[in-house]
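Construct the complete structure from the given sequences, taking the supplied hints into account.
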Amino acid sequence: MRYLARRVIAAAVLVAVVSSGALLLTRLAPGDFASELFGAGASADTIARERARYGLDRSPVSQYLDWLGRAARLDFGVSLVYHRPVAELVAQRAANTGLLALVALVFATLLGLPAGIITGSRRRGPLPTILRGLSLVLLSLPSLITSLVLVLVAARTQWFPTGGMQSAGAWDAGVFAGLADIARHLPLPALAIALPLSAMIERVQSQSMGDALEMPFTLSTLARGVPHSRLVWRDALRPAIGPVAAMYGFVLGSLLSGSFVVEVVTSWPGLGRLMYDALRARDLYLVAGCAAAGSVFLAVGTLLSDLLQAWADPRLRRDEPGGTSGGPA
Amino acid sequence: MRPLGAALLALVLLAALAAPVLAPNDPGQTFRTYLYAPPMRPRLVTADGRWQPPFVHPLRLVSRLEQRYEEDVSQAIPLTFFSQGKLARLADESRGPWLPLGADREGRDLLARLLFGARTSLGVAMLATLAALLLGVLAGGVAGYRGGIVDEGIMRVAEFVLVLPAVYVVLALRAALPLVLPSWAVFSLMAAIFALVGWPWVARAVRAVVAVERTREYAAAAVSLGAGHARVLFGHLLPACRGQIGAQAILLLPSFILAEATLSYVGLGFPDTVPSWGSMLHEASNVNAMADFPWTLAPAAAIFAVTLAANLLVEKPDRAAW
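From first to last, the protein sequence lines stand for chains A and R. Residue numbers for the first sequence follow this note's numbering, beginning at 1 and rising by one. Residue numbers for the second sequence follow this note's numbering, beginning at 1 and rising by one.
Hints are computed from structural coordinates only; laboratory data are not their basis. For each residue, glycine too, the CB sits at the ideal point set by N, CA and C. Mixed in with the good hints, there may be bad ones.
[What the hints assert, rightly or not] Listed below are several chain A residues computed to face chain R (Cβ distance under 10 Å; list not exhaustive): (1) Val261; (2) Ser295; (3) Phe297.
Here's what the structure looks like:
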């Protein structure tokens with residue numbers, strides 16, 4: 001319990017530091033929302049008036065303290081570009097990114113985990129060789145490239161929509177038609193994120209499967225007459241899944257990074273796209289809000305990954321937990 | 001697999017170095033009547049089945065509306081080799097340019113841009129890798145050598161940077177700087193930003209080795225012989241990390257190339273006038289153009305080649321498994 005409390009505090013610190021950093025970075029950057037809005041041609045007077053209207057003419061310190069005070073009460077301010085509460089904007093986009101990331105993670109696991117078990121448990125044969133080659137190729141194809149190639153394929157074959165999250169008017173035909181429409185838009189960006197990720201998972205799973213099969217218990221299990229396939233898929237799998245579970249917390253960062261690129265390429269209306277637009281427009285409250293949402297994602301993911309690891313490897317539960325990804329705060 | 005990776009990487013480096021010789025055209029030259037021209041492959045067999053020394057068919061515009069071209073098989077322009085400082089060029093350049101990989105939106109030679117772009121992309125990535133190695137070795141070395149609170153402090157910062165999604169950090173840092181800058185400034189700024197994001201990987205790897213090696217007899221021997229801290233760390237302990245440092249460098253290089261490509265793709269990197277793999281990919285953000293003229297994706301293939309080479313280079317030899 002103490003452990004959990006400590007992790008929550010560490011997560012809160014992460015969120016606070018990241019969003020404050022994002023806000024200050026945007027505030028201290030040359031140019032602000034008013035100057036970006038009107039461009040170089042505007043008179044100094046107009047810009048000054050607009051600045052005063054949004055409270056951008058105060059000192060960075062007082063502006064930051066003001067924001068921090070309100071953020072502590074979960075009021076993240078109003079977006080300068082959209083004129084809507086940041087919390088509302090971010091929540092909607094974060095849900096879109098969350099959906100995309102979750103589906104991508106499921107795809108990557110479904111592809112990578114079995115592949116890793118096969119390549120880790122068998123040395124020769126056509127299937128492991130093919131899977132190893134495939135994984136090497138996918139490992140070398142970052143999301144930027146997979147998404148471009150998938151969009152190219154989609155545009156040429158018309159199998160999938162090339163971008164966006166839903167077609168106009170799809171929801172008019174009812175909830176199911178709307179959901180079906182999203183389901184049609186989802187596979188392309190999700191695959192673009194999942195393919196390189198699945199190769200990473202395959203690598204780690206293959207390695208840990210090999211390690212597990214070299215432990216003494218596998219020999220004793222084989223000696224008891226347990227068939228090899230059962231040994232691999234049941235007895236050795238549980239200890240071998242630990243490193244993959246540990247990787248999940250770490251994967252989250254690359255999941256978010258990958259989703260940014262994919263969101264931009266396939267115009268998926270997610271957090272990454274919103275953050276990018278906010279950064280360019282110097283919409284500082286929105287930048288801070290996006291950063292906060294992203295770090296919440298990270299913190300929650302790291303925590304879940306640690307719990308998953310503790311489930312997979314009971315030895316971690318007895319020790320003082322903390323030697324894993326995050327470390328004691 | 002390692003020799004294969006080394007050969008692939010060497011090939012790319014060599015191509016970048018030899019860009020002025022390999023590229024038949026200037027990367028900035030625009031051929032106004034060849035917008036989105038398809039690749040012009042060198043051929044050996046004519047339309048009526050006769051073998052000839054290498055030649056190309058000139059292009060003929062079929063539809064201006066669709067920017068569709070066709071090879072004019074009735075004509076053959078022979079290639080000449082090693083003349084006027086080029087590896088290969090058309091013997092008769094009055095009948096149109098040779099575009100081995102096709103042309104982009106403005107009718108520029110894609111091969112030339114790919115080769116000269118390799119200089120920019122690899123240059124940024126290499127400078128950033130060097131800087132990240134320098135920072136990382138210093139931080140990781142000191143952390144592993146001193147231990148205690150220094151170690152704790154440095155590695156906490158490193159872990160914090162590692163946890164953050166790198167793309168966002170790079171994006172935020174780049175967006176915080178003036179958006180329009182001269183290209184040399186973009187070049188050095190990018191390298192600096194990438195190094196700031198990349199050093200923790202190196203630091204973590206170096207720290208792990210140094211912390212173990214420090215307790216070995218040879219380190220104690222060096223200390224008892226009167227070697228100073230700097231001498232023990234840099235002269236005796238760091239050589240033990242050579243393998244780790246090399247592996248990290250090889251892994252950082254492609255990720256920095258990708259970072260450049262990503263930044264330029266979203267419009268925060270090099271402008272269109274500076275050929276780089278990222279600024280070339282920026283054109284692919286127009287989905288319709290990319291679908292009709294897939295050869296504009298050539299830089300994606302180049303990025304794949306470098307990443308594959310790096311992955312082949314660091315791949316561990318297969319351990320004995322069941």
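Hint check:
no.	hint	in the structure
1	Val261	holds, 6 Å
2	Ser295	holds, 8 Å
3	Phe297	holds, 9 Å
Hint compliance for this structure: every hint is met.
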